[in-house]
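Asker: Letter by letter, the chains look like this.
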Amino acid sequence: MKINWLYYASPRNFDRLAARLVPYCAFAAALCAVCGLIVGLEIAPTDAVQGDAYRIIFIHVPAAWMSMLIYLVMAVYGLIELVLNVRLAGLLVRALAPTGTLFTVLALVSGSLWGRPTWGTYWVWDARLTSELILLFLYCGLLLLQGAIGPTRRGDRAGALLVVIGVVNIPIIYFSVQWWNTLHQGASISLSRGASMAPAMLAGLLLMTAAAWLYAIAVVLARARRLIAARREEPAAAAQTWSIHPIGAQS
Amino acid sequence: MNWTLLGHNAYVWLAYGIGAIGVVFELWQLRRLAGEAP
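Protein chains in written order, with this note's numbering: chain A, 1 to 251; chain B, 1001 to 1038.
Isolated chain A (complex conformation) (with noise of 0.2 Å):
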């Protein structure tokens, strides 16, 4: 099956699939969520030295790799917008970030609260926990200026631009357990190495993360689709563009 790409990066056109898609992805996610909190809270055997306290990886991890994958989506998007000049991919930039912002916070907040029992602090200013706040501050600053410039075209180059420079911070956060000591524990998920768990607790993480997966999409699909609604009705107001002149230049 060939799919038209180019056909989908029409508003209207992408509204219609993001209409037929979200419910299903809605479904799965609920779905997946429950099976993944079954498996993770009760069949998952406890830890033998976290005890239950362990369990809060089934919502730390999938956070976290959603925290950046959201970003690395958001740049590819920021990218096509700045080079291409696509407006569903700036519409889309917008409709990313809110949910990026809160598994950045979820990460960061579930990792604090497993820190305790395990580390013995909530917080150390170690450089995976670091950068997952630069992280947290990028996203806040691309909700900031996005809201400072308003719902424009002007608005989404901006933010595009601002994700696009911000970008170079995922390998930091992802390799950052491998370049530096650092507290916070390597990956125990490996595609070269396989999983360092019991198999239960694995399904259940696999789970959580299907879980956050097919919510991203369905919440950012759906997101998109209001998005795309507001900019038809107000077409004038969305058409200021924004480019970079140099300084002095009329723009």
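It is worth saying that the hints were derived from the structure and are not from the lab.
We put the beta carbon where it would ideally sit given N, CA and C, even for glycine.
Only true hints are included.
Facing chain A, from chain B, some residues (calculated, C-beta under 8 Å):
#1 ASN1009
#2 VAL1012
#3 LEU1014
#4 ALA1015
#5 TYR1016
#6 ILE1018
#7 GLY1019
#8 GLY1022
#9 GLU1026
#10 GLN1029
#11 LEU1030
#12 LEU1033
#13 ALA1034
Please arrange chain B on chain A, whose structure you already have, making use of the hints.
Answerer: Showing chain B alone in chain A's frame:
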């Protein structure tokens, strides 16, 4: 799992509780946005 709310389990419940609040807040925001959009 030992379902007590005491000891280290309190951190687990707090983490999941905050997660649930976050999801409900985002869905509420989305609903509010739907009210504003035509």
